[in-house]
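Engineer: Each chain, written out:
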Amino acid sequence: MPLRCAIVGSGNIGTDLMVKMLRSDTLQLTALVGIDPASDGLARAKALGLDAPHEGPDWVIEHGDDFDMVFDATSAYVHVRYYKKYADAGITAIDLTPAARGPKVIAAVNLTEHLDAPNINMVTCGGQATTPMAYAIRRAVPSLPYCEMVSTVSSKSAGPGTRQNIDEFTKTTSTALREIGGAETSKAIIILNPAEPPIIMRNTVFGALPEGTDHEAVLDSIYAMEKDVAQYVPGYRLKNPPVIEEGPYNTPGGVVPHRVVVLLEVEGAGDYLPPYAGNLDIMTAAAMRVGEAIAEHRGVSA
Amino acid sequence: MTTTDYRLIDSTLRDGSHAISHQYYAEDVIKIVAGLDRAGVQVIEIAHGDGLGGSSFNYGFSAVPEKELIAKACETAQQAQIACLMLPGIGLADDLREVRELGVSVARIAVHCTEADITEQHIKVAKELGMEAIGFLMMAHMNSPEGLVEQALLMQSYGADTIYIADSAGAMTVDDVRRRASALVTALDIPLGVHAHNNLAMAVANSIAAYEEGAKNLDGTSAGLGAGAGNCPTEILAAVSTKYGIETGVDPLILMDVAEEVVRPIMPRQQVIDRAGLLLGYAGVYGSFLLHAERAADRYNVPVSEILLELGRRQVVGGQEDMIIDVALELARKHAEAEVTA
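Same order as they appear, the protein sequences are chains H and E. In terms of the working numbering, the first sequence opens at residue 18 and continues consecutively. In terms of the working numbering, the second sequence opens at residue 34 and continues consecutively.
Please note that a few of the clues may not be correct.
What the hints assert, rightly or not - Straight-line C-alpha distance at most 20 Å; calculated PhoX-like pairs for lysine-lysine:
#, chain 1, residue 1, chain 2, residue 2
1, E, Lys100, E, Lys64
2, H, Lys37, H, Lys63
3, E, Lys249, E, Lys276
4, H, Lys188, E, Lys157
5, E, Lys157, H, Lys256
6, H, Lys256, H, Lys244
Worth flagging that the hints you see were computed from the coordinates, not collected in a lab.
Work out the full structure, taking the sequences as your base and the hints as a guide.
Structural biologist: See below:
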């Protein structure tokens with residue numbers, strides 16, 4: 018039997034995730050829960066025959082017996098208030114906010130590490146896009162003293178949750194570069210760009226390369242990772258070939274002679290917002306990957 | 034304190050930092066703060082050029098951790114207030130807390146001119162910390178007077194004490210400034226400030242025009258040290274203001290000494306409006322991109338002017354320095370392909 022799922026948050030992320038989940042054989046979506054009865058997401062859910070209450074996360078807790086899994090696409094503040102309640106109700110929570118209460122999962126790196134956790138944090142859209150590259154660099158070098166990511170998303174694709182959570186975004190993303198990417202020190206930057214037509218999501222990863230690095234091995238590892246991520250996010254690609262630039266660079270992890278620059282573009286699948294919103298797509302695609310991996314782990318067959 | 038017609042905020046130690054690739058040392062900070070303070074400058078801004086937390090691969094690493102320099106500035110200033118700038122998405126609310134402890138009393142929360150709603154968290158933190166909060170709308174040439182009013186009102190609603198518009202690309206004419214400043218002065222309950230750049234040689238004229246429209250805060254940097262072709266030179270602004278009979282409360286002669294004897298000697302090059310600098314203003318490109326674009330042009334052997342024009346076409350905003358490498362690589366590829374076909 019497929020896992021019974023609810024999505025909380027009827028904004029950009031929640032609605033995009035809904036479209037994807039309706040195609041799943043192992044995750045059965047029955048409700049999209051919001052707080053604004055006039056939201057576009059709830060209207061779409063209703064039209065698709067789903068439950069579409071606007072009573073917020075409390076509704077899921079009240080109907081706890083009906084759900085195995087909840088995908089939280091609200092905001093970090095809301096998730097912090099509810100993550101214990103989901104756990105107490107026996108509902109596995111996949112957290113798409115940067116609240117970072119449970120272990121962090123980057124689908125291309127540690128998908129299967131936390132399949133029994135009651136709460137899984139999906140980091141951030143930029144984290145899903147860049148942590149795999151930090152990891153790809155790290156596995157090809159003796160050490161990665163410092164790694165930095167810059168994520169630029171179109172203003173139109175950044176909803177109020179993202180906007181009120183800027184600090185949480187950068188902190189959670191930066192932590193993922195260290196904890197999962199393997200960097201010793203790190204920094205994350207996010208920029209909103211209002212250009213019309215909206216720009217496709219861009220991510221840049223800078224890795225500090227210490228003395229003695231095999232540059233060819235770093236580049237090969239990056240190309241291999243591009244393919245791995247593109248398996249579940251088809252619009253994930255290197256916009257330009259990765260380049261090694263000569264410094265020296267006075268990074269927080271020490272002075273290094275070179276850096277590698279990885280210029281990424283993430284084009285969305287266009288499930289809800291148009292393809293420029295790759296930031297939604299990579300987050301919801303990664304969350305689907307985790308949800309389906311948990312379903313498989315629990316013996317649900319497609 | 035005597036009343037002045039406007040308040041001068043000097044940003045030599047913040048915006049000027051771009052022009053020296055963020056390589057300030059403690060002795061520079063002490064000398065510059067001491068001079069500006071003695072001249073009567075009301076507010077001195079200091080941080081990495083891209084604001085608190087800006088030290089990075091993307092924007093350049095600081096030679097000395099900025100908080101050490103900020104502490105020195107706070108210790109040195111006798112009468113001037115010390116300000117920091119921060120961009121949500123680059124710096125953190127925690128950075129504001131730390132610099133507040135060091136003695137910083139003014140927080141400028143800077144954001145692209147259409148994205149004011151990401152400043153709510155940080156304006157509120159600055160207010161809770163007992164700081165003056167200034168909402169700072171960058172690249173103001175990219176938004177209409179009405180659009181800027183809408184954004185400024187959001188910041189006012191979050192508790193901002195002052196609103197600034199920044200001509201970060203040095204792309205505005207006097208008329209552009211007048212229309213924006215007068216709309217904002219009319220609509221806001223709080224004072225307006227204008228931060229000018231000199232890519233079109235309009236910085237001082239634009240600042241005076243802003244004052245005439247009712248702006249109560251103006252920005253400058255000593256010797257114009259700053260991003261692109263440089264900022265509004267503080268000493269020239271003070272001198273011109275005096276000629277206009279505008280009371281600034283600062284001594285232009287001391288500011289001239291600071292510019293000549295303290296700042297010019299540490300400048301790697303004087304601020305001139307060369308082709309690349311002018312192109313920034315002409316194409317409306319963020320001024321801080323200049324040195325990064327020159328480095329990428331050298332590295333990938335493409336003309337810096339082509340990089341800047343393409344950045345303008347792509348409508349990149351402040352903070353997207355990584356796109357300079359992207360553009361340079363694409364131009365290099367195009368040039369290589371063109372050579373093959375030729």
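Engineer: Hint by hint, say whether it matches the structure.
Structural biologist: Status of each hint after checking the structure:
1. For the hint linking Lys100 of chain E to Lys64 of chain E, the alpha-carbon distance of about 17 Å falls within 20 Å, and the restraint holds.
2. Annotation: proposed proximity of Lys37 of chain H to Lys63 of chain H holds, straight-line Cα distance about 16 Å (limit 20 Å).
3. In summary, the hint linking Lys249 of chain E to Lys276 of chain E is supported, as the alpha carbons are separated by about 18 Å, within the 20 Å threshold.
4. At most 20 Å may separate the alpha-carbon atoms for a hinted pair to count; Lys188 of chain H and Lys157 of chain E meet this at roughly 19 Å.
5. Between the alpha carbons of Lys157 of chain E and Lys256 of chain H the distance comes to roughly 38 Å, so the proposed pair goes past 20 Å and is violated.
6. Proposed proximity of Lys256 of chain H and Lys244 of chain H is supported: the alpha carbons are some 13 Å apart, at most 20 Å.
Violated hint: 5 only; the structure is consistent with all others.
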